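K.L.:
Whole structure, please, built from the sequences with the hints as guidance.
Each residue of the sequence shown is one higher than the one before, starting from 83 at the first, in the working numbering.
What the hints contain is simulated information worked out from the structure, not anything from laboratory work.
Where hints are given, some of them may not hold.
EDC-like cross-link-like pairs, simulated, lysine to aspartate or glutamate; straight-line CA separation at most 16 Å [unchecked claim]: (1) K349 - E176; (2) K282 - D131; (3) K348 - E211.
Quick caveat: nothing in here was measured; it's all calculated off a predicted structure.
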Amino acid sequence: MPDTATVPGYAPFTVTPISNAAGAEISDIDLNNIIGDDTADALRQAWRDHMVLLIRGQDLSADEQERFCRVFGDIAGLKSKESASKFLWVSNREVPDNATAVQVGEMMFHCDQAYAEQPCKGSTLYSLEIPDVGGNTCFANCCLAYDNLSDDWKRRIDGLTALNYFNYDTNPSIRPGEIDPNAPQHSHPVVRTHAETGRKSIYVNRLMTMKINDVDKAESDEILSHLFDHIEKTEHVYEHVWEVGDLVLWDNRCLAHARTDYDPAKKRLLRRMTVLDENAVF
83 MPDTATVPGY APFTVTPISN AAGAEISDID LNNIIGDDTA DALRQAWRDH MVLLIRGQDL
143 SADEQERFCR VFGDIAGLKS KESASKFLWV SNREVPDNAT AVQVGEMMFH CDQAYAEQPC
203 KGSTLYSLEI PDVGGNTCFA NCCLAYDNLS DDWKRRIDGL TALNYFNYDT NPSIRPGEID
263 PNAPQHSHPV VRTHAETGRK SIYVNRLMTM KINDVDKAES DEILSHLFDH IEKTEHVYEH
323 VWEVGDLVLW DNRCLAHART DYDPAKKRLL RRMTVLDENA VF
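P.N.:
Structure (structure tokens):
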């Protein structure tokens with residue numbers, strides 16, 4: 083069980099750890115109000131310290147969610163055939179007149195936009211409708227996973243790069259087979275350094291990392307299988323059980339996340355906004 087004692091030093095709000103792996107709940111804060119400079123500084127520090135921030139019981143408009151996101155950086159814009167938007171609906175139902183992600187069921191661990199040259203810094207999800215059971219979001223702390231690697235494995239993966247790829251037409255609960263050369267893809271270091279904290283993390287994920295570069299397939303498969311299983315160990319993962327009105331912010335630079343399965347007959351609706359990263363991956 084995590085040490086749930088509140089952490090001092092974050093006035094004007096309260097920070098309570100929610101997991102030994104990652105995450106803290108922020109309380110005594112109302113995001114309907116303007117976020118002052120002192121509060122913004124404390125939120126950024128809490129994010130650096132805990133990687134996942136949970137704020138419960140919020141009644142947020144899209145504009146208020148955006149205001150919170152801008153504490154951490156610029157917002158990614160989205161375009162669809164119907165409209166341009168700063169947010170994305172994550173839902174198993176069509177949402178008219180907006181950018182929409184229609185997703186059902188389980189999704190393997192992944193880091194958002196790992197296939198891009200400059201992946202996003204982080205994202206928020208705000209829950210509006212949640213199924214009674216399932217549809218949880220799991221966050222794997224890839225810094226903790228790196229810390230817990232043996233010295234031999236740390237030496238083995240130091241300096242390696244990996245190809246990350248994703249085809250949105252594939253099933254997100256099944257690792258893709260052949261790589262479509264026209265789909266987005268990019269190589270990144272297997273060991274990534276966090277631009278703000280300096281901590282190292284394992285930057286591969288089961289859904290999007292296809293191979294280790296410059297080694298044969300057998301060695302690549304061995305390395306990736308070991309790292310995937312290691313990252314996803316229970317001691318590295320916080321599983322968030324959603325409630326309506328939850329706002330969750332996670333650090334995409336050092337966490338992988340996944341979604342558990344749920345009944346597709348039950349509606350799941352969350353509003354997502356993404357924070358751009360001003361730093362390159364290194």
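K.L.:
Next, verify each hint and record whether it holds.
P.N.:
Results of checking the hints against the structure:
1. For the hint pairing K349 with E176, the CA-to-CA distance comes to about 11 Å; that is within 16 Å, so the pair holds.
2. The suggested pairing of K282 with D131 holds, with an alpha-carbon distance near 14 Å, which does not exceed 16 Å.
3. With a C-alpha separation of about 9 Å, the suggested pairing of K348 with E211 holds against the 16 Å cut-off.
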